[in-house]
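Build out the structure end to end from the sequences listed, making use of the hints.
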Amino acid sequence: MNKDEALLLLKSRGFKHTDKREDMLDLFEKKHGYLSAKEIQTAMKDDYPGLSFDTIYRNLSLFKKLLILEETELEGERVFQFRCTTEEHHHHLICLGCGKTRTIEVCPMQDLSQLDPDFKVTGHKFEVYGYCKQCQKKAAGF
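Counted the way the working numbering counts, the sequence shown spans residues 6 to 147.
Simulated from the structure, these hints should not be mistaken for laboratory data.
Do not take every clue at face value.
Below, in silico cross-link-like pairs of lysine-lysine (DSBU-like), each with a Cα-Cα straight-line distance of 35 Å or less [unchecked claim]:
| no. | residue 1 | residue 2 |
| --- | --- | --- |
| 1 | K69 | K43 |
| 2 | K143 | K21 |
| 3 | K35 | K8 |
| 4 | K125 | K50 |
| 5 | K130 | K70 |
| 6 | K138 | K70 |
| 7 | K69 | K50 |
| 8 | K43 | K25 |
| 9 | K125 | K70 |
| 10 | K43 | K125 |
| 11 | K25 | K50 |
| 12 | K35 | K16 |
| 13 | K50 | K130 |
| 14 | K43 | K142 |
| 15 | K35 | K25 |
| 16 | K50 | K21 |
| 17 | K143 | K125 |
| 18 | K16 | K105 |
| 19 | K125 | K105 |
| 20 | K69 | K130 |
| 21 | K50 | K70 |
| 22 | K143 | K69 |
| 23 | K105 | K21 |
| 24 | K105 | K43 |
| 25 | K125 | K138 |
| 26 | K105 | K35 |
| 27 | K50 | K105 |
| 28 | K50 | K36 |
| 29 | K125 | K142 |
| 30 | K142 | K21 |
| 31 | K138 | K105 |
| 32 | K16 | K130 |
| 33 | K138 | K43 |
| 34 | K21 | K138 |
| 35 | K35 | K125 |
| 36 | K105 | K142 |
| 37 | K50 | K8 |
| 38 | K8 | K43 |
| 39 | K36 | K105 |
| 40 | K50 | K16 |
Since this is a predicted model, take the numbers as computed values, not measurements.
This is the structure we're talking about:
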């Protein structure tokens, strides 16, 4: 998903185009990783000084409902990023420093049916947290 696809989807579903929505989507396009509501508010405060968390969360919920964004939790906080365009089964490496993600094709859950053949798995989520090379260098002082 990208900003242009998201705006077309919103329009096709009958939702109004607003500058706030477009600017929020622009943040996600530039970030290439997860953003929290607080990060969104901070980034948009100069252009929208009265922007409330209610407005941000309403739009995040809408974007999630329309499958524009996906959500996870990092260190107890809900964070969002553009939904992956690949429909194939995959997982993510997530940097705790900058929030960037990388897709991994390996699934450690493939053999789960061997644990309990009577249990039907309908879905799962597997995320690996750590620090990307750039964030490791920052932490080391380079």
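Against the structure, the hints come out as follows:
Distance check on the hinted pair: K69 and K43 sit about 17 Å apart at the alpha-carbon level, within 35 Å; holds. A distance of roughly 41 Å separates the Cα atoms of K143 and K21; the hinted pair therefore is violated under the 35 Å criterion. The straight-line distance between the Cα atoms of K35 and K8 is roughly 10 Å, inside the 35 Å bound, and the hint therefore holds. A C-alpha spacing of about 47 Å is found between K125 and K50, which places the hinted pair above 35 Å, so the restraint is violated.
The hinted pair formed by K130 and K70 meets the criterion: a straight-line CA distance of about 18 Å does not exceed 35 Å. A hinted pair counts as satisfied when its Cα atoms are at most 35 Å apart, and K138 with K70 qualifies at roughly 33 Å. Of the pairs offered as hints, the one joining K69 and K50 holds, with about 22 Å between alpha carbons and a cut-off of 35 Å not exceeded. Distance hint between K43 and K25 is fulfilled; the C-alpha atoms sit about 15 Å from each other, no more than 35 Å.
Pair hint K125 plus K70 holds up; C-alpha atoms about 26 Å apart against a cutoff of 35 Å. Among the hinted pairs, K43 with K125 is inconsistent with the structure: their alpha-carbon atoms are about 38 Å apart, more than 35 Å. Between K25 and K50 the CA atoms are separated by roughly 11 Å; this keeps the pair inside 35 Å, and the hint holds. Restraint check for K35 and K16: satisfied, since their Cα atoms lie roughly 22 Å apart, inside the 35 Å limit.
Under the criterion of a C-alpha separation no larger than 35 Å, the hint pairing K50 with K130 is consistent with the structure, at around 33 Å. For the given pair, K43 sits about 26 Å from K142 by alpha-carbon distance, which is consistent with the 35 Å threshold. For the given pair, K35 sits about 15 Å from K25 by alpha-carbon distance, which is consistent with the 35 Å threshold. In summary, the hint linking K50 to K21 is supported, as the alpha carbons are separated by about 22 Å, within the 35 Å threshold.
Taking the CA atoms of K143 and K125, the gap is about 44 Å. The hint is violated against a cut of 35 Å. Taking the CA atoms of K16 and K105, the gap is near 28 Å; set against the 35 Å cutoff, the hint holds. A hinted pair counts as satisfied when its Cα atoms are at most 35 Å apart, and K125 with K105 qualifies at roughly 32 Å. Of the pairs offered as hints, the one joining K69 and K130 holds, with about 16 Å between alpha carbons and a cut-off of 35 Å not exceeded.
Distance check on the hinted pair: K50 and K70 sit about 25 Å apart at the alpha-carbon level, within 35 Å; holds. A distance of roughly 32 Å separates the Cα atoms of K143 and K69; the hinted pair therefore holds under the 35 Å criterion. Taken as a hint, the K105 and K21 pair is honoured in the structure, with Cα atoms around 30 Å apart against an allowance of 35 Å. Between K105 and K43 the CA atoms are separated by roughly 17 Å; this keeps the pair inside 35 Å, and the hint holds.
Simply put, K125 and K138 have alpha-carbon atoms about 38 Å apart, too far for the 35 Å limit, and the pair is violated. Among the hinted pairs, K105 with K35 is consistent with the structure: their alpha-carbon atoms are about 11 Å apart, no more than 35 Å. About 23 Å separates the Cα atoms of K50 and K105, which keeps this hinted pair within 35 Å; it holds. With a C-alpha separation of about 17 Å, the suggested pair K50 and K36 falls inside the 35 Å cut-off, and the hint holds.
With a C-alpha separation of about 43 Å, the suggested pairing of K125 with K142 is violated against the 35 Å cut-off. Straight-line distance between C-alpha atoms of K142 and K21 comes to about 43 Å, which puts the hinted pair past the 35 Å bound. A distance of roughly 11 Å separates the Cα atoms of K138 and K105; the hinted pair therefore holds under the 35 Å criterion. As the CA atoms of K16 and K130 are separated by approximately 30 Å, the hinted pair is consistent with the 35 Å bound.
For the hint pairing K138 with K43, the CA-to-CA distance comes to about 25 Å; that is within 35 Å, so the pair holds. At roughly 40 Å between alpha-carbon atoms, K21 and K138 are farther apart than 35 Å, so this suggested pair is violated. At roughly 39 Å between alpha-carbon atoms, K35 and K125 are farther apart than 35 Å, so this suggested pair is violated. With a C-alpha separation of about 15 Å, the suggested pairing of K105 with K142 holds against the 35 Å cut-off.
The hinted pair formed by K50 and K8 meets the criterion: a straight-line CA distance of about 20 Å does not exceed 35 Å. At roughly 20 Å between alpha-carbon atoms, K8 and K43 fall within 35 Å of each other, so this suggested pair holds. For the proposed pair K36 and K105, the alpha carbon gap of about 8 Å is at most 35 Å, so the pair holds. Using a Cα cut-off of 35 Å, the hinted pair K50 and K16 holds, with the two alpha carbons roughly 25 Å apart.
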